[in-house]
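Model the full structure from these sequences, guided by the hints.
Number of protein chains: 2
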Amino acid sequence: MNNESEFGIWPGEVAVELPKEYDASLYYIGRIRTPWTTRADCPKNARESDAVCTIELDERFAPALKDVESCTHLVVLYWMDKSRRDIVLQVPRHYGRQRGTFALRSPARPNPIAMSIVRLLRIDGTKLSVVGLDCLDHTPLLDLKPYFASTDSVPDAVVGWHVAGKG
Amino acid sequence: MNNESEFGIWPGEVAVELPKEYDASLYYIGRIRTPWTTRADCPKNARESDAVCTIELDERFAPALKDVESCTHLVVLYWMDKSRRDIVLQVPRHYGRQRGTFALRSPARPNPIAMSIVRLLRIDGTKLSVVGLDCLDHTPLLDLKPYFASTDSVPDAVVGWHVAGKG
Chain A
745 MNNESEFGIW
755 PGEVAVELPK
765 EYDASLYYIG
775 RIRTPWTTRA
785 DCPKNARESD
795 AVCTIELDER
805 FAPALKDVES
815 CTHLVVLYWM
825 DKSRRDIVLQ
835 VPRHYGRQRG
845 TFALRSPARP
855 NPIAMSIVRL
865 LRIDGTKLSV
875 VGLDCLDHTP
885 LLDLKPYFAS
895 TDSVPDAVVG
905 WHVAGKG
Chain B
745 MNNESEFGIW
755 PGEVAVELPK
765 EYDASLYYIG
775 RIRTPWTTRA
785 DCPKNARESD
795 AVCTIELDER
805 FAPALKDVES
815 CTHLVVLYWM
825 DKSRRDIVLQ
835 VPRHYGRQRG
845 TFALRSPARP
855 NPIAMSIVRL
865 LRIDGTKLSV
875 VGLDCLDHTP
885 LLDLKPYFAS
895 TDSVPDAVVG
905 WHVAGKG
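Those protein sequence lines, which keep their order, are chains A and B.
Add 744 to a position in the first sequence, counting from 1, and you land on the number used in our numbering.
Add 744 to a position in the second sequence, counting from 1, and you land on the number used in our numbering.
These are calculated hints, taken from the structure and not from any lab test.
Watch out, some of these pointers could steer you wrong.
The list treats identical chains as one, so a pair stands whether inside a single copy or across any two.
[Claimed, not checked] Quick list of in silico lysine-lysine cross-link-like pairs, DSSO-like style, CA-CA up to 30 Å:
hint : residue 1 : residue 2
1    : Lys871    : Lys810
2    : Lys871    : Lys764
3    : Lys764    : Lys788
4    : Lys810    : Lys788
5    : Lys788    : Lys826
6    : Lys810    : Lys764
7    : Lys826    : Lys764
Structure, rendered in C-alpha cells:
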C-alpha cells in the first residue's frame, strides 16, 4: 500500500494513455478510520499491524449490516483516491525491481480499488471494529462482503516473483 | 452471483434512496469470457464449476501483466453491471431468508464490484485462462491482483448465518 511513486514516475516506470471516458461510477459508502495519517506511517502490509481500525458506514446503509456480525472475517473494498491510474510498469521502492501493475498490490493501478481481508471484532451501530487494514485515515469505503473460506481461502497459493525475491 | 431479484424487489426486500451524486469513476479494462450467457446458466458459486474462463485484457494494459505468470492464483475484480444498487435487505432465492446486503455476495449492492479468487492456468498475450469464475459472458473487468496466501487466506473463517442455515 505504500508505493511512494504514486505522484511521480520513477526510473523504470512506464505510463500509458488512459481511455478518454469512464465506464461506470462509484459511491463512497463510508470512511475507514485508522491511526495512519501519512503514507510513511502506514504499515508495509496489513500483517505487520494488529491495530484496531474502525469502518464507519454511512447511516443510509445501516440495514445492510444485518447478519454481518455472524461473520468472523470480511472482505473490505476501498478506494485509494490519491493514486496515479496510468502506470503499467512500476518499481516498488522496497523491492527495487520493475514489476507489472497487475503483479503488485500497489495503489497505482487503472482502478485503484484495494482489497483487504479483515477480522471482525464487533459492530456498534454503523461502526465496525476490525483488524487487518493498512490504509490512510479517512480512506473511502466501497464495499463489505462476507469472507467464505470455501471460495476465498487458498493457503498454498504462491506469488512466484515474491518468493524468488526472498531467496 | 445469481440473485434473481436484481431487477425487482421481492417480498422482504428493502431499498433505500441512493446518494444524489457519484464520488469516483471506473474504467473497464477488459472483458471476462465465460460459457454462461444467462443468469440461470451461471453456477451458483465458483466452486461448483471447473470451467476454464478467459480474461481478455485490453491491449493498452498489456505491459501491466509482467510477472503475473509467476502467480498461481489471482484476485479478479469485475463489475456486475446489471444489478440494482439500492437494496439493503434482500432475500436470496436459494436461502429464502432476509439478509443484509453486506452479509451476502449477491450482485445487488451499492457498488456492484464482484471479487473472485481464480487459479491461473496460462497467459497468451493479453488472454488469461483461469478457473474459478461464475459470471456472465462479457462481464466487464476492473482489476487483477496477485493473491498472497499470507494476507488473503483465512482457512478457518466462518460465515455464521451460512453455517447455521445448513444445520
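Now the hints, each set against the structure:
With identical chains, the CA atoms of Lys871 and Lys810 are at most 30 Å apart within one copy only, with a shortest distance of 13 Å there and 39 Å across copies. With identical chains, the CA atoms of Lys871 and Lys764 are at most 30 Å apart between copies only, with a shortest distance of 23 Å across copies and 38 Å within one. In this assembly of identical chains, the alpha carbons of Lys764 and Lys788 never lie at most 30 Å apart, being 33 Å within a copy and 36 Å across copies at closest. Only between protomers do Lys810 and Lys788 lie at most 30 Å apart by alpha-carbon distance; the minimum there is 22 Å, versus 33 Å within a single protomer.
Proximity of Lys788 and Lys826 under a CA criterion of 30 Å is satisfied intra-copy only: 17 Å inside one chain copy versus 37 Å between copies. Taking the shortest Cα distances, Lys810 and Lys764 sit within 30 Å of each other only across copies (24 Å), while inside one copy they are farther apart (40 Å). In this assembly of identical chains, the alpha carbons of Lys826 and Lys764 lie at most 30 Å apart whether taken from the same copy (20 Å) or from different copies (23 Å).
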